[in-house]
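Chain by chain, the residues:
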Amino acid sequence: EAGVAQSPRYKIIEKRQSVAFWCNPISGHATLYWYQQILGQGPKLLIQFQNNGVVDDSQLPKDRFSAERLKGVDSTLKIQPAKLEDSAVYLCASSLRTKGRGETQYFGPGTRLLVL
Amino acid sequence: AQKVTQAQTEISVVEKEDVTLDCVYETRDTTYYLFWYKQPPSGELVFLIRRNSFDEQNEISGRYSWNFQKSTSSFNFTITASQVVDSAVYFCALSEAGSEKLVFGKGTKLTVNP
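Keeping their order, the protein sequence lines are chains A and B.
My numbering numbers the first residue of the first sequence as 1 and each following residue consecutively.
My numbering numbers the first residue of the second sequence as 1 and each following residue consecutively.
A few of these clues could be false.
What the hints assert, rightly or not - Cross-link-like lysine-lysine pairs, in silico, DSS-like; alpha carbons within 25 Å at most:
hint : chain 1 : residue 1 : chain 2 : residue 2
1    : A       : K44       : B       : K106
2    : A       : K78       : A       : K15
3    : B       : K38       : B       : K101
4    : B       : K16       : A       : K44
As the list claims (entries may be wrong) - Far from chain A by the CB rule (all over 10 Å, computed), these chain B residues:
hint : residue
5    : V4
6    : I11
7    : R28
8    : S42
9    : E44
10   : L45
11   : V46
12   : T72
13   : A93
14   : S95
15   : A97
16   : S99
17   : K101
18   : V112
19   : N113
20   : P114
To be verified - Below, a sample of chain A positions facing chain B; criterion: calculated Cβ distance under 7 Å:
hint : residue
21   : P43
22   : L45
23   : F107
Since the hints were made in silico from the structure, they are not lab data.
Here the structure is a predicted model, which means the values were calculated and not measured.
Backbone N, C-alpha and C fix where the C-beta goes; we use that ideal spot for every residue, glycine too.
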């Protein structure tokens with residue numbers, strides 16, 4: 001079974017530029033998550049989708065970050081404009097469903113973003 | 001509010017030593033879920049174990065074992081006879097009933113030297 005796919009693996013941009021990350025979850029997984037992991041920290045949830053609807057985006061900086069999952073499968077996370085503090089690894093994860101019962105989340109390899 | 005503390009930032013051991021990674025959590029819920037993930041240098045988080053708050057049985061999987069104690073709000077992870085391939089950052093995480101959001105600790109970097 002294929003795991004969570006993410007691209008690109010690495011991205012270097014200058015501040016104020018825009019960038020987009022793509023994620024394809026495990027086949028059949030209804031729930032998709034984007035996490036931000038700053039160096040030396042644990043991942044922090046940015047947004048959670050159930051199919052194509054947003055479940056939780058309370059920690060998403062909405063003035064510059066946006067995300068969509070239009071067809072309920074793959075997802076795109078965008079940053080516009082990027083700031084230096086956005087340098088981090090962006091991890092995508094998926095789980096079978098959302099029922100508030102601690103579903104196991106499976107993570108992709110992440111996208112390492114460096115903002116100069 | 002939920003919180004996970006991994007007090008050990010870095011641990012270094014010699015191959016074949018046993019090592020325990022500590023995890024202390026805080027939650028007001030009576031139903032919650034605890035996880036351990038491994039993050040090797042490649043960056044991908046690898047799922048190791050999931051535990052719910054009603055199951056305090058310790059678990060063993062090969063060289064890995066987990067000790068869950070609700071009385072001390074701890075969910076510690078022990079690697080027996082460590083190997084160089086165990087070198088990674090290990091994260092403990094918590095989710096509460098009704099939310100799938102994982103709250104992670106800051107991680108413990110384990111280095112196993114040959």
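Would you assess whether B/A93, listed as outside the interface, keeps its beta-carbon beyond 10 Å of every beta-carbon in chain A? Violated, because the least Cβ-Cβ distance between B/A93 and chain A comes to about 7 Å, which does not exceed 10 Å.
Given the hint that A/K44 pairs with B/K106, does the C-alpha gap stay at or below 25 Å? It holds: about 10 Å lies between the C-alpha atoms, which stays within 25 Å.
B/T72 non-interfacial with respect to chain A [C-beta, more than 10 Å]: Holds, since 21 Å exceeds 10 Å.
Checking hints one by one. Is A/L45 an interface residue toward chain B, by the C-beta closer than 7 Å rule? holds (5 Å)
Should the hint that A/P43 touches chain B count as held when the rule is a Cβ pair under 7 Å? For A/P43, the interface hint holds, since the closest Cβ of chain B sits about 5 Å away, which is under 7 Å.
Consistency of the no-contact label for B/S42, given chain A and a CB cut of 10 Å: violated (7 Å)
Can we trust that B/L45 is non-interface, i.e. its beta-carbon lies farther than 10 Å from all of chain A? At about 4 Å from chain A, B/L45 fails to clear the 10 Å cut-off, so the statement is violated.
Can you confirm whether the C-alpha distance between A/K78 and A/K15 stays at or below 25 Å? Within the cut-off at roughly 14 Å; holds.
Mind verifying the non-interface call on B/S99? Its CB should be farther than 10 Å from each CB in chain A. violated (6 Å)
Minimum Cβ-Cβ distance from B/N113 to chain A exceeds 10 Å: Holds: least Cβ distance 22 Å, greater than 10 Å.
Does B/K16 pair with A/K44 here, judged by a C-alpha cut-off of 25 Å? violated (33 Å)
Can we trust that B/R28 is non-interface, i.e. its beta-carbon lies farther than 10 Å from all of chain A? Label holds. Min Cβ-Cβ 15 Å, cutoff 10 Å.
When each numbered hint is compared with the structure, violations occur for hints 4, 5, 8, 9, 10, 11, 13, 14, 15, 16, 17.
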